[in-house]
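There are 4 protein chains.
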Amino acid sequence: MNQHLVQSVFGSIAKAGLDLLERRTGKPSTAKLVSLCKDLLSEKGEASGIALALEVHETYQALNDDGKLAFFTFLEEHMSPDPENVQSALDQYKLTPDSKNLEALILAAEPSRLELIRRMNMSPRGVHALVSMRIDLLRFVREHKNLVIVDNDFRNLFASWFNRGFLNLRRIDWKTPAHILEKLIAYESVHAITNWDDLRRRLAQDRRCYAFYHPALGEDEPLIFVEVALVDDLADNVQALLNLEDNIGDPQKVNTAIFYSINNCQPGLKGISLGNFLIKQVVADLKSELPNLKKFSTLSPVPGFVKWIRDTAYSHKDTPLRLMAIQTCEQLDQYKQGESTSLQKEMEIPLKKLCANYLVLTKSESGQVLNPVARFHLGNGAILERINWLGDTSVKGVTESAGLMVNYLYDIRYIETNHEAFVKKGEVICSTQVKSLLK
Amino acid sequence: MNQHLVQSVFGSIAKAGLDLLERRTGKPSTAKLVSLCKDLLSEKGEASGIALALEVHETYQALNDDGKLAFFTFLEEHMSPDPENVQSALDQYKLTPDSKNLEALILAAEPSRLELIRRMNMSPRGVHALVSMRIDLLRFVREHKNLVIVDNDFRNLFASWFNRGFLNLRRIDWKTPAHILEKLIAYESVHAITNWDDLRRRLAQDRRCYAFYHPALGEDEPLIFVEVALVDDLADNVQALLNLEDNIGDPQKVNTAIFYSINNCQPGLKGISLGNFLIKQVVADLKSELPNLKKFSTLSPVPGFVKWIRDTAYSHKDTPLRLMAIQTCEQLDQYKQGESTSLQKEMEIPLKKLCANYLVLTKSESGQVLNPVARFHLGNGAILERINWLGDTSVKGVTESAGLMVNYLYDIRYIETNHEAFVKKGEVICSTQVKSLLK
Amino acid sequence: MNQHLVQSVFGSIAKAGLDLLERRTGKPSTAKLVSLCKDLLSEKGEASGIALALEVHETYQALNDDGKLAFFTFLEEHMSPDPENVQSALDQYKLTPDSKNLEALILAAEPSRLELIRRMNMSPRGVHALVSMRIDLLRFVREHKNLVIVDNDFRNLFASWFNRGFLNLRRIDWKTPAHILEKLIAYESVHAITNWDDLRRRLAQDRRCYAFYHPALGEDEPLIFVEVALVDDLADNVQALLNLEDNIGDPQKVNTAIFYSINNCQPGLKGISLGNFLIKQVVADLKSELPNLKKFSTLSPVPGFVKWIRDTAYSHKDTPLRLMAIQTCEQLDQYKQGESTSLQKEMEIPLKKLCANYLVLTKSESGQVLNPVARFHLGNGAILERINWLGDTSVKGVTESAGLMVNYLYDIRYIETNHEAFVKKGEVICSTQVKSLLK
Amino acid sequence: MNQHLVQSVFGSIAKAGLDLLERRTGKPSTAKLVSLCKDLLSEKGEASGIALALEVHETYQALNDDGKLAFFTFLEEHMSPDPENVQSALDQYKLTPDSKNLEALILAAEPSRLELIRRMNMSPRGVHALVSMRIDLLRFVREHKNLVIVDNDFRNLFASWFNRGFLNLRRIDWKTPAHILEKLIAYESVHAITNWDDLRRRLAQDRRCYAFYHPALGEDEPLIFVEVALVDDLADNVQALLNLEDNIGDPQKVNTAIFYSINNCQPGLKGISLGNFLIKQVVADLKSELPNLKKFSTLSPVPGFVKWIRDTAYSHKDTPLRLMAIQTCEQLDQYKQGESTSLQKEMEIPLKKLCANYLVLTKSESGQVLNPVARFHLGNGAILERINWLGDTSVKGVTESAGLMVNYLYDIRYIETNHEAFVKKGEVICSTQVKSLLK
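Line by line, the protein sequences give chains A, B, C and D.
Going by the numbering used here, the first sequence opens with residue 249, and the numbers climb by one from there.
Going by the numbering used here, the second sequence opens with residue 249, and the numbers climb by one from there.
Going by the numbering used here, the third sequence opens with residue 249, and the numbers climb by one from there.
Going by the numbering used here, the fourth sequence opens with residue 249, and the numbers climb by one from there.
Everything labelled a hint here was simulated from the structure, so no lab data went into it.
Every value quoted in this text rests on a predicted model; they were computed, and no experiment measured them.
Hints should not be assumed to be uniformly reliable.
Identical copies go unnamed one by one, so any copy, or any two together, can satisfy a pair.
Claimed, not checked - With a straight-line cut-off of 25 Å between C-alpha atoms, the simulated DSS-like cross-links for lysine-lysine are: (1) K601 - K423; (2) K518 - K348; (3) K348 - K393; (4) K673 - K286; (5) K393 - K423; (6) K280 - K672; (7) K644 - K542; (8) K565 - K593; (9) K431 - K673; (10) K348 - K672; (11) K393 - K342.
Just chain A, same shape as in the assembly (with noise of 0.2 Å):
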C-alpha cells in the first residue's frame, strides 16, 4: 500500500524530476527535503523512520522562506487527493460496496500529506518542530491562497492531536519556575504585564492563573493560560483588578471570579478549540475548590467598538443610531483620560446604548456577530450582563473600546442551551439591563 501511494505521490517527480525543483528554487535543499519525504514515506521510513523524521526538521529548517514555500507548495501540488483516484475507488465501491472498497475510497480521499505529517512526528521534538513549522505555513497562507488546503491537514491532525482528552490542566502561580512566568509576561496581550512585581500581584492568593499542557510539548510549553481575580461582585473596571497597591483579599470570602484575561502561547495552535475548555474546565475546578463563589464572568474588552462607531457616523444610513454615533464621535474627541465629569456623564447612555447594538446587532456577512470577543463567550455559551462606561480607562482602552468593558456571565447550568441557541439561530442572549439599552 505505502508502496503505491509513493509512487503515485511521487511519479509526477520523478518525470519532470528532481532538478526542476532546485532549477524553481535556486537552492538544492528543497529537492533534498522532498527526496527525504519520499523516503520518510516509503519502506526506508518504516524501518528508520525516526533517524529520517529528524532529518526531514532539520532539512527543513535549513530552508530560506523561498525553499519552505517551494516545499509547502510541493505538499499542496503532488499530495492531495487525485480526483481520478477518488473517481475510481468511488466506482468501485459503489459496483460492490463492501468493507474493502470501502476503505479504499476513504483512503484514496485522504490526502497523502497527512501520513507525512504523522511520520515526521517521529523524530525526537517532532511536535515541536511540527508546531514551528505551521507558524511558517500560516504566514505563507495569507498570500498564497492555495495553501488553505495544506493548512487544512495541519490543524486537523493538531485537532485531533491536541484532543481536551489529551490536554493536563496546572495551575501557574509564584511557585511556578521563572521561565514558564516569563511566557506569560511575553504573551500576555490584553492587558500587558509591565513586570515582575505586576505579574506576582497576579498570582496572588487571591488571583489565579491556570494553563493547559500537553504531554508531547513537555512542561516548558504551556498552550493558553486564563487570568482570573476573585473578588466580590462583578467588576466593573479593569484597572481596579490591576491595582498593585491593592490589598490581597481572601479566596474563601468571596463570591465572585472574574476572568480577566486568556491568552494563547503557541501561535502554531492557531485554530484549535482551547480557550472554550480552559474557562469551563477553570470554572469546574474553582466551584468545586472555593463553594462560596457564585458568579463565574469576564471583563472583557470591545476591540472595534470605535472603529465601529465612526464607521456608523460615516454611513449613509441616516438612522437614529446614526445620529448617536456622529455626536458620540464628537465627544469622543473631546473626551480626554481623566477629565471633564460632565462629558463624562453624558457619554454613558449614548455608549453604552452603541455598544450593545455593536455586540447583538451587528452581523458580518456570513451572518455571524461581529465583534470577535463577543463571538468566542457568546459562542461557549456565556451571556451578554452588563456594559460597563469606565471600565478600562487605558489609552489602548478609550481607542479601541471607549473605555467600556463588558461582562459575559458563564452560567453552567444555561450554557448548553445557550450555545445551541446561539449556533442555531444566532440568538445573542443577553441580560434585562442590556436588552433595555436595546430599545
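Use these hints to put chains B, C and D onto chain A, whose structure you have.
For chains B, C and D alone, kept in the frame of chain A given last:
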C-alpha cells in the same frame, strides 16, 4: 457543518425512529447511547462535550453484548461516508478544483464516526475507555466482517494518537511499583513468569526490561515491554537464560544483548506498530549506555513449525522435503525430553533443514513469509542468523517449535536495506549458515 | 579548641605508639583507622572532612571483627571524658561562674567521640555507614559491657538526628516499588508474610501500611512500619485478619482500625523511639481521612506468657495462681490445634485470668511490667482492653502466647493521663472486663 | 530520669511560684510558656509531644520582646547544669569509674535545655520555629551576654542537625520557582541584584548558582547560595562580570570558575559552617562536569580596608606604612569615580602594598587575620593569589575596599596543607606576586 453532519447521519434514524433500535435489542439502552452520540456531535457536544462524552462511555459500558453489537452496527451502517455525497462533492471539485471544494470532498469521504470517536476521547479517562471499547469491537469483528471498516477507523485514529512521537520509553526494574510488575507477570506469554523470584531474576543487573508508555494512559499502563538478557555471545538456549541459579553477570563486561521476549499489554491496541519501534529504541539506548555490546539479537520460538512438519508429511507432493518430514514426525513421537542422546543427534540436521525451509521458503497465499515471528523480525529489517537445536526444551517449546529456537540479528547498519529487500522483493536475508541448510 | 582536643585524646596513643595497636590486633588496619580518625578531628578534617570521613568508613568496613572490637574499645578507653579535666573545669566554674567557664565545663564532660561520629556523618551515605556500624557495636556490647557507654553516644546522637521532627510518614501500598515491599517481607516478624499474594492482601484497600522514612537514609530505607486492618468492631483473631479468601471491605464503612503488626527495619536504630510516634501519627491521620473510624486498637501477641505459666507452675509459692498454672500446663500439653472443643472451653477462663495476672501484676526486678508488648503499648498511653482466647491459633501463637491475643486500645483523649499514671505510678489502666479477670 | 530532670529544673520555680515570673514580665504568657515547657519535658511530653511542642511554639510566638527575653533568661538561669550535681556525679564516677556512672556524669553536665530544644523540634515545622527563635536570641545576646551560653546550645544542636551529611546541593537556574529566585534577590548582599533581568543574566549558561538545602526546612528554603561566573582567566573586575550587555559564553570552552558572591539566607543559622562546604562541593562538581575548568578562584571585596587605612594614617607609630597611608587617604579623597587616570595610576602600587599588608600581616587581638573575608577563604585553605586595582568601582566598592578586589584561589591539591598552616601557625599562604607587595 456539524449540524449538517448530524442531520445527514441521524436523518435515517429519525425516520425509522429510535423505537426500532429498541425493538431490535430488546433494550432501550442502545437507542439512548445513539441519542447521546447525536448530542455529542451536535452543538450540545460543543458546549458540554466532556460531560456528554462521559455519559456516552457510561451508557456504553452498561450495555450487554447484544447492545454493544447493535451500537457498532449502527456506526457501520449510519456513519460511513455516503457514496452520493462523495460523488456530488467530487463532481463539484472536478468542476472547480479549488481548496474549498477539495476540503468538502475530503470531508465527504471521511466516516463521520471518526469525529465521534475524537469527541468521545474528551471525557476523563477517555482513551482508556476507547481502547477498552476496541477490545469488544475486535471480538465482534471475528464473526461480523462488516465491522472491519469500523475497526479500521479505530485503528487509524489510534495509530495517529499512539504515534511513536508521543510514546515514552521507560526501564522497568526491581524499583518499579509492584502493580506494574504484576502486569509483566500477567502479560508475559512467550516464556511465562512463574513467580516473583523468577521476575526478580529477570530484572537483575544483567537483565533488562523496557516498556513504552503513553501519557494519556498514564504511568500505570505499559503498552508493550521487551525483556533483554546481557550475556556473552549469541544465546542458543532459553532455559539457560531463565535459570534462577545462574550467577548475575556484569553488564559492562558482556558483548551481546539477547531480546528473548516481547509482549503487548494492551489488546485494544492490536495492529498498532509498537514492537518494531521498541526493539530499535532499546538497541540504540543499550548501544549508547554499554559500548561493550557488539551484537543485538533475539532468541525466538518457531510457533507453528511442528504443525507445518506434520502438514508437509501428509501432503501429496512427493518431495525430498516430504520424506524428511515423515521421518522427523516419527522421531518427534519417539523423542522424550532429556532422553536418548543418539536420537537427539540424529534429529538435529533434518530438523534444522526443515526449519530453514519453513522460515525462508514457506509463504502464505498472499505471498508473505508464513511464520509470524519471522515475518515480524524480518519485516523490521533483522537477519535470520542461526537456528538452534534444543533451544527450548520445555513442553511448549517441543510441541510447538520442535525444541528449536532462532536468532534474528538486528544490525543497525543493514536494517534499512534488509527491510526494503524483504518488503519490496519478499527476500529473506539469512546468514551463510542458514543458507547452507537450504541446499 | 579542636587541636587541643585531638592532642589530649591522641596523646596517650602517641606515647605508646600505634605499633601497640597493631600488635594487639595483628593487623595494621585498626591503627590506620585510629590515625584517620585523628586526622578527621584535626585541621585536616576541617579542610577535607568529606573525603576523610569516606576513608574512615572504608577502612572500618574492611576490618574483621577483632579489628572492629579494637576500634570500639579505643573509642571507649581514649575518647571518654577525662575526670581530671572535668574536675578542673568544674573548679574553674565554681570560682567564676560565667558563660565561658560553663561552656568549658560542658565541653570537658562531653565524650570526644561524639564529635568524631558527627564528622564521620559528613561522607556520602555517612548515616547509612554509621547506622550499620552500630549494628556491629550492638553485637559486641552483649559480651563487652564496657562498650555500653560508647553505644550510649551513638544512641543519643541518633535520637537527636532521628528526632520525630525529621521523619516523614508515607503510606505503603501495592503501588510502592518492589524493592521496598521486599523489605516488608524481610522485616515482618510478628506475623510472617508468606508470599507476594499474602503481601498484596495486606495492602488492599481495607488494609493499610505506613512507614517512617528519614531524608538522609533516603526513599529506599523505611525505618519502621505498621500494618493496620480496617474492620468492623474489635478484631479478636489474627488468622481471620490475614485470611486471603476474605472479601475486601470498604474502608468508608467500618468503625475500627486494628494495628496488628509493627516492625523495625533498622536494627542499627535500636532504642530510638519510633513506634510510639508512628502509631499515634497513623491514628491521627486515619481519624482525619476516615471519620467513620471510632476505635483504634491493637491485636497483639503475649510473648513469654507460656514460659511464665510454666515458671509459675514450678515456683515455690503455693498460691491459687500456681494451682491454676499447674492445671493449665497440663491442658496446654493435651491441647492440639483445632481439636477438642470441650477442652477449649474449659481452658478459656483460667487462661484469661492467668494472662490478666501476667500482664497487669507481674513486674520485673526494676518494677516494670514484665511483658514487653504490654510495656510498649501501656507506655504509649494505651488501655489494656480485652484478652481474646483463640486469638492466634498458629503454632507460634500457641507455643508462645497460649493462643491468646490482646487488644490495647488507643483513645487519644486519655493517652496523656494513662501514660502519666503508668510512668509515674506504675499503674496499668485496664477495662472493667480485664479488671474482673483479676478478681 | 526525666521526672528527676523535670523536678530538679523546675523545683526552684515551684518555690518562688510562677507568679513571680508573671510579675516580672507583667504578662502571664512567659509563665504559661515555662509551664508548657515543663509539661513537654515530663511524661506528658512523651505521650503527646507533638501537640505540646506546637503549643510551646505558638505561645512563644505570641510573646512580646520582654516575654521572650524572660524566657531565654529562664533557660539560662534554670536549665544550665548544676555544679553540685556535676560534682557529686564526678565524685561517684571517680569512686567507681563504670559506664553507668560515666553516663550519669555526662548527663549531669549536659544543659537540660538541650533536651527541651530537641523536643520542641517535634512539632510540625519545628525546625523552622527553632531557627526563627534563634534569630530573636541572637538579637538579645548582643546586650545580654549571659545568654551566650543558651545560644551555644542552640548552635551546637543546629551544627549537629545541619551537619554536611544532611544537606543537599541543588543548582538554581532560570527554571527554578520564582519564590526561590526572589530569595536570591532578597539575600544577595555582596553585589545587589537590581532586578529580574540582572538575576536572569546571573543564571545564564555561563553563570552558575548553587545552594544547600536541608530536608526539614524543605524545598522553599535555601540555606546559603554561591554565585559563579565561568570565564576565561582570573577575573579582575566585578562590574565586567555583572554586565548585562556581555555576550553569553560557552561553559565548555572557558578555563576558570570565579566565585563572586556567597550569601546566607538563614540568619538563624549564624555560626554554622556552611560556606566552606558549599564552595568545595561546587568546585568538585564543576571540575567533574566541565573538565575544561582549570582554575577556581573568588573575586572578593576587602571590607574594612579603607577604615584600616584611615586608622593607620592616624596611628602614632611613625612607620613607612603610616606615611603611605596618609598619602593614600589624601588621594582617596581626591579620587572621583571614572576620572583622572594619572591619579589612578599613581594610586595603584601604594594601595596594593597597603592591601597586602592589611590582609597578610594585620591581626586581631586574638591573633587572627583581621579581614573577615580573608579569614574565611584562607581558613578554607585558599591562597591569596592576586590583588586587583579598580576591581570594584561602585560607590560601595570604593568607600569600603578602595576599589580593590582580591582573588583567593582554591587549589584542591593544597587546600589541606594551606588550612593546616593557617590554623596551626597563622601562616597566610600567598602568591609570589602578593609576596612581592610586602617588601
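Okay, the hints, checked on the actual structure:
1. With identical chains, the CA atoms of K601 and K423 are never at most 25 Å apart, being 44 Å at best within one copy and 49 Å at best between copies.
2. For the identical chains of this complex, K518 and K348 are inter-copy neighbours only, at 19 Å across copies versus 36 Å inside a copy, given an alpha-carbon limit of 25 Å.
3. In this homomeric assembly, K348 and K393 come within 25 Å of each other (Cα to Cα) only across copies, at 10 Å, whereas the closest approach inside a single copy is 35 Å.
4. For the homomeric pair K673 and K286, the shortest alpha-carbon distance between copies (19 Å) is at most 25 Å, but the shortest distance inside one copy (48 Å) is not.
5. Proximity of K393 and K423 under a CA criterion of 25 Å is satisfied in neither setting, with 45 Å inside one chain copy and 41 Å between copies.
6. Proximity of K280 to K672 under the C-alpha cut-off of 25 Å is restricted to the inter-copy arrangement: shortest distance 23 Å between copies versus 49 Å within a copy.
7. In this homomeric assembly, K644 and K542 never come within 25 Å of each other (Cα to Cα): the closest approach is 31 Å inside a single copy and 55 Å across copies.
8. In this assembly of identical chains, K565 and K593 lie within 25 Å of each other by CA distance neither inside one copy nor across copies; the values are 28 Å within and 82 Å between.
9. In this homomeric assembly, K431 and K673 never come within 25 Å of each other (Cα to Cα): the closest approach is 39 Å inside a single copy and 53 Å across copies.
10. When the C-alpha separation of K348 and K672 is checked against a cutoff of 25 Å, the pair qualifies only between copies, where the shortest distance is 22 Å, while the shortest distance within a copy is 37 Å.
11. With identical chains, the CA atoms of K393 and K342 are at most 25 Å apart between copies only, with a shortest distance of 19 Å across copies and 34 Å within one.
Hints 1, 5, 7, 8, 9 from the earlier list are contradicted by this structure; the remaining hints agree with it.
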